[in-house]
Structures are given as structure tokens and as C-alpha cells.
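Colleague: Chain residues, written in single-letter form:
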Amino acid sequence: MNGNSGPAIDVTGLNKHFGAKHVVRDLTLSVNRGEIFGFLGPNGSGKTTSIRMLCGLLTPDSGSGTCLGFDVIRETAAIKREVGYMTQRFSLWEDLTIRENLDFVARMYGMHDRTRVVAEAVEELGLADRRDQLAGELSGGWKQRLALAACLLHRPKLLLLDEPTAGVDPKARRDFWEEIYRLAAQGISVLVSTHYMDEAERCHRLAYISAGTLLAKGTAAEVIAAQHLTAWSVSGPDLVEVVDRLRGKPGVEHITPFGATVHVTGRDAAALEQSLKSLTLGPGHHAERIDAGLEDVFISLMARAPDEARQ
Amino acid sequence: MSRSVFSYRRWIGILVKEFIQVKRDRLTFGMIVGIPVLQLLLFGFAINTDPKNLPTVVYAADSSIFSRSFVAALENTGYFKVTSLAPNEAEAQRMIAEGVAQFVVTIPADFSRKLARGERPEVLVEADATDPTAVSNAVSAVQRIAATALTRDLQGVLGRSIPAPPPVDIRVQRRYNPEGVVAYNIVPGLLGTILTMTMILMTGLAITRERERGTFENLLSTPALPIEVMTGKIVPYILIGLIQVALILLAARFVFGVPMQGSLLLLLGVVLIFIAANLTLGIMFSSIARNQLQAMQMTFFFFLPSILLSGFMFPFRGMPEWAQWIGNVLPLTHFLLLVRGILLKGNGLDVLWPQIWPIVAFMLAVILIGLRFYRRTLD
Numbered sequence: 000m001n002g003n004s005g006p007a008i009d010v011t012g013l014n015k016h017f018g019a020k021h022v023v024r025d026l027t028l029s030v031n032r033g034e035i036f037g038f039l040g041p042n043g044s045g046k047t048t049s050i051r052m053l054c055g056l057l058t059p060d061s062g063s064g065t066c067l068g069f070d071v072i073r074e075t076a077a078i079k080r081e082v083g084y085m086t087q088r089f090s091l092w093e094d095l096t097i098r099e100n101l102d103f104v105a106r107m108y109g110m111h112d113r114t115r116v117v118a119e120a121v122e123e124l125g126l127a128d129r130r131d132q133l134a135g136e137l138s139g140g141w142k143q144r145l146a147l148a149a150c151l152l153h154r155p156k157l158l159l160l161d162e163p164t165a166g167v168d169p170k171a172r173r174d175f176w177e178e179i180y181r182l183a184a185q186g187i188s189v190l191v192s193t194h195y196m197d198e199a200e201r202c203h204r205l206a207y208i209s210a211g212t213l214l215a216k217g218t219a220a221e222v223i224a225a226q227h228l229t230a231w232s233v234s235g236p237d238l239v240e241v242v243d244r245l246r247g248k249p250g251v252e253h254i255t256p257f258g259a260t261v262h263v264t265g266r267d268a269a270a271l272e273q274s275l276k277s278l279t280l281g282p283g284h285h286a287e288r289i290d291a292g293l294e295d296v297f298i299s300l301m302a303r304a305p306d307e308a309r310q
Numbered sequence: 000m001s002r003s004v005f006s007y008r009r010w011i012g013i014l015v016k017e018f019i020q021v022k023r024d025r026l027t028f029g030m031i032v033g034i035p036v037l038q039l040l041l042f043g044f045a046i047n048t049d050p051k052n053l054p055t056v057v058y059a060a061d062s063s064i065f066s067r068s069f070v071a072a073l074e075n076t077g078y079f080k081v082t083s084l085a086p087n088e089a090e091a092q093r094m095i096a097e098g099v100a101q102f103v104v105t106i107p108a109d110f111s112r113k114l115a116r117g118e119r120p121e122v123l124v125e126a127d128a129t130d131p132t133a134v135s136n137a138v139s140a141v142q143r144i145a146a147t148a149l150t151r152d153l154q155g156v157l158g159r160s161i162p163a164p165p166p167v168d169i170r171v172q173r174r175y176n177p178e179g180v181v182a183y184n185i186v187p188g189l190l191g192t193i194l195t196m197t198m199i200l201m202t203g204l205a206i207t208r209e210r211e212r213g214t215f216e217n218l219l220s221t222p223a224l225p226i227e228v229m230t231g232k233i234v235p236y237i238l239i240g241l242i243q244v245a246l247i248l249l250a251a252r253f254v255f256g257v258p259m260q261g262s263l264l265l266l267l268g269v270v271l272i273f274i275a276a277n278l279t280l281g282i283m284f285s286s287i288a289r290n291q292l293q294a295m296q297m298t299f300f301f302f303l304p305s306i307l308l309s310g311f312m313f314p315f316r317g318m319p320e321w322a323q324w325i326g327n328v329l330p331l332t333h334f335l336l337l338v339r340g341i342l343l344k345g346n347g348l349d350v351l352w353p354q355i356w357p358i359v360a361f362m363l364a365v366i367l368i369g370l371r372f373y374r375r376t377l378d
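Going line by line, the protein sequences match chains A and B.
Residue numbers for the first sequence follow numbering that gives the first Met the number 0, beginning at 0 and rising by one.
Residue numbers for the second sequence follow numbering that gives the first Met the number 0, beginning at 0 and rising by one.
Treat the hints loosely; a few may be bogus.
To be verified - Examples of chain B residues lying across from chain A (beta carbon under 8 Å, computed): (1) E216; (2) A223; (3) I226.
Unchecked claim - With the Cβ distance kept under 7 Å, some of the chain B side facing chain A (calculated, not the full set): (4) S62; (5) G213; (6) T214; (7) N217; (8) L219; (9) S220; (10) P222.
Because the hints were derived from the structure by calculation, they are not lab data.
Ideal Cβ positions, reconstructed from N, Cα and C, are used throughout, including at glycine.
Can you build the whole structure from these sequences, using the hints too?
Modeller: Spelled out as C-alpha cells, the structure:
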């Protein structure tokens, strides 16, 4: 089969129900070869279910599409052989050692030069001297690196990473992303779900899903532009009181504290500006218009999602 | 410095949280309420260590009024229930080997003649003593009737006083376990109970553990096929089961001196069927249970009736009919008869078949039920 041309992921109208719950709704998504694609959305929005459908763990109720050129409904076996899936929760065997875990995974993919591949992976991980340590004894950062090494073992063409950096310290996160860039440069496509805005901004393209519905997709700049959001930054003393007075004013949709400032956002630029102007700010206060960031956009999307997405 | 004082309110908070959690886990809650009630009813009424009405085959070569009185006297003790009259000795022997009859009573051809002459004829009572406790009360009852069974007949017909020694010489023969060694019964029985426990529990836990820890998802995301995963996870436990069997048999032979009359190859075959039945149940439990604790509770729920109603701990024939019916569903009940039959009686396949097919039927039923629950993917 063709595994090397066309988009890495190309699915249309995928749906999934669990009982009466419509978990994923008409998911249409395309990820190019060598692209790092960010998958964002609040908890329980259907990210994990979508990823499981892409790698053949769940069968979609309806819809169609391909993953690495293989049909997502009929050719799941072929997909599993060429996709590396890293689960949200650490899912290697805690009562096996690092080497035993990697060796087991290598056997599952029927690799012939198992011993060499595992030895190399252990070496690359920098865990050569700890290879006989139980996986359960590793810290969160090391577990995550081991899990990534395990799903790279069979040289997949597509990586599906489900919140890979949750609960990992900033240094480990940065190292992890360096690795992701290195892999993408080698032509591996990556779909990664995350809650972190800095990680979202690192992706070539991203999609935002809420309550099972894809609400926005494109590059970070495109996603921001599409929301037509105006943002103001207000700084000065007694911001709590300022926030109280702003709340409910025309044009003011969201007020979010950002350290020593608050971001006030809304889609009606004129009304928002009017509200801010009419507010008699104290002498130390300062309000300026800023470019809306991804985080402003996501907070706005998250708050609107329920009414727009449901039914 | 603040002092740590036992806080009643904190303590109540912990109690309340615990009760809420117990209530949430519906299976556990059901077990807490269900187990005592069900088992009290089940075992309270079912278990009887003094079994009566034991099935008895009479082979009477002499069909006089005396033999009929003797048999009636046996039945009057309450321990014997004549289920059939054997046409010949071979037929009577077959029935005790098969386990259909617990006793064979043989009345010799010259019974009434010798009785009339005061020559004290011998009556042979053979007991299937594979389970010595099941027959011990019946055996002692037999001895008591020797003196009184024929009192009325002898006085009425022959008009003679009863001689000081009883008119009948009752010879009791404990077959298969002449010394009444309890270990001969218990040790082969342990083979069944230990296999039941480990096979169901180990497979149940092995599969629910993967699901509970999330590693099942990882396994399913690899190209591994469900059939590979399932059989791959089960075969090690079959080997463990066989090691247990070997250990128990070695101990039975060399520590407890249990006789081994039958074919060990046949025993191995029977053991494999029994292991298979328990494994399928373990797999079914694991596909219903959401976590290891539930798998454990289900195993326990099955294990208790298995040891109490199978005839392992208490005589099977002492139980009321409904309890015997439940017991007959359990594979252990049949396995115990098979193992005792092979080891103590030296039975062959022809005699064992009636106990083999119920285990196979149990297994097929479990597979049918299990298929309804089996989840192939994460759907």
C-alpha cells in the first residue's frame, strides 16, 4: 500500500457515540506529512476519543478517511503497524524494567533486530546504566521519555501524542519538544494534544475542539484572526475593583488576570473601547489595546462553546 | 505549639467518606449485603454432616422373607435407601465404582437356610469409603441392627429364643479406603479446590490488571491481535496450574501415601478439561469486572459454593436435593468424583464419562455468556 504520499491524516465527518453521549461530532481533519499538528480543547472535549479513532483503537460510528493512506475503518491493522501512539496516562508496564518494556514492545511489532534496536533506544534515552530499573520507579519526566522511546521503536511514520507533557517539569517539556522538532524534520508527522499555550504556539497548525466539535483550525495566526477578538490590557492598583466595575459592561466578554495586568476581550471592538473609555480609571491605571493571543482566543472559545456546539 | 487531639468531627468525616465510597462501588455493596444473606440461606440449609438416605444397591441371592426383613431394617435406620436391586454381582460392583451407589449389600444364597440352622450367615455390606466421613455414621448403624433386625421373624416363625451372639454376621467392607484415612479423600479434593481458586483468580486478575492500569490500551494499539493477547495471557497460567497439580500429586503420593490406582494419563486429561473450564470462567469474570477488586470478589463468590456444595468439605449426599442440583452445576463437584474415581478406585474412561460431560457443558455455557460481555476494542 502507499504509505508515503498524500496527507498523513485525512478524515471526514467522523462521529462517535458512547451510549447516548455524542462524544465526537463530524470531525474533519487533515494533517500534512512532516507537520506538527496541535490538538487543543478542554478536558472531556473528545480529543482522546478522536485520537483513538485515528489509530484504530475505536471504530467510528460514521465517517470515513485515511491515516497514512490506510482506511481508518477497514485497515486498522496496517495503521497500527505504522503509527506510534502515546497514551495520556503512562501505559507501559510498571513491573517490568526499562529494557523489558522496550523489548516487549519490539516483539509486539515483530522486529527482527530486536536486541540491537532496544540497546540503541536505551542508549539514546541515556538510561543505559538504569536499564534494569523498574519502569514504575521512574520519575514523571523519565516515564514520558521512556513512553516516547517505546512508541518510536518501530520507526512509525505518524506519532499520535495524547497530552504527552502533562505533569512534566518545564525543562523536560522543552527537551521533549526539541525531540518532536527533530522527528518532524526527519519527515515524521505528529499530532499532539495539549493544554499548554506555549506548546500550541509551537505547532505548525492546530485545531480547537470543544464538546466534540471542531471550532477552529489553521496556523496560530489564522486561528487568532478568525475569531476577530479585540484585547485590552489594563494595569494599575486595585484591579479587583476595576474588574468588578467592568463586568457586564457592553462589549466586555472576558476578563482574565495575567499577573499584574488583566486582559479584557470582546468581539465588538467599538463597544469594548467605549466601555473602557467610560470607565473612570484612577491615576495609576493604564489601559492599552494589545494583539489578542492564543490564550485569549481559547478562553473566548471555551466560554462560548457550550451554546454553539451543543445540538 | 498546636497539639494533636483526636477530633471527633474529622473522624466522622472519614467515616462518612468511607460509607459513600462503599455505596458507590455497587458490586462491593451488593457483595456486602448479598454474600451473608445468600450464603446463610444456602449453606445453613444445605450443609449436613450426617447424611441419610444413602443410595444402596442390594444383591440378594436369597429372596426369602428374612432377606426382605433385613433390608427393611437397614432402611429403617434412615441411613440407607435401596435404589435398586442388582441382578448379579458384577452389576452391583459397577454401580459402586461409578459412584451411583454408596453401598452394596450382598445377601448370600444360603442366607435363610443358615439362619434357620442358627449358623449365623454372613451379610456383606460394602461401603464406598472414598469419603470416610460420609459413610461412618451409616456403618455404625449397620452394626447395631445385627442383633435386632430379625428378632420378630425368628420368634414368629421358628419360635426360638435369640442366641447371645446376633443371628446375622454383618461384615462391613470399606472399599477404596479401608482404613478410613480422611487424607485420601481431602488431598485429591485439594487438587480441585486449589485449581479452581488459582485458575479463576489468576486469569481474572491478569486481564483486569491490564485494564485497570491502562496498559491494555497500549497493548491494543500495537498490531497484537485479540486472540494473541488472550491466549498469550492464559497459557502461562495453564502451566502454573500443571505445576500445582504435579506438586499436589507428589505430596499425595509421598507425604500422605494416597493410593494411585488409575491411569495418570487419564488424570492429566481430566485435569486439563477442568483447568479449561475454570479459565473460561476467569476470562468471563475479567470481562465483566471493572477492576481487580471486583474480579477477586467474583472469584470468591464462586469459590465458596464450590468448596461447600461440591462434596469437598461436606458429604454431597447429605445435602437436600436443591442444593445437590446447584452442586451438580459446579465443575468442582464432578472433578472431585473424577479424581477420587481415578486415584482411589482406578476407574477408566467408560465409568468416568458421566462426570466429564457436565464440566464440558459448564465450559460451553460460560463461553456463550462470556461472548456477550467480551469487549474487543475499547468501544
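Colleague: Going through the earlier hints one by one, which of them does the structure break, listed in rising order?
Modeller: As far as the earlier hints go, 3 and 4 are violated by this structure, in ascending order.
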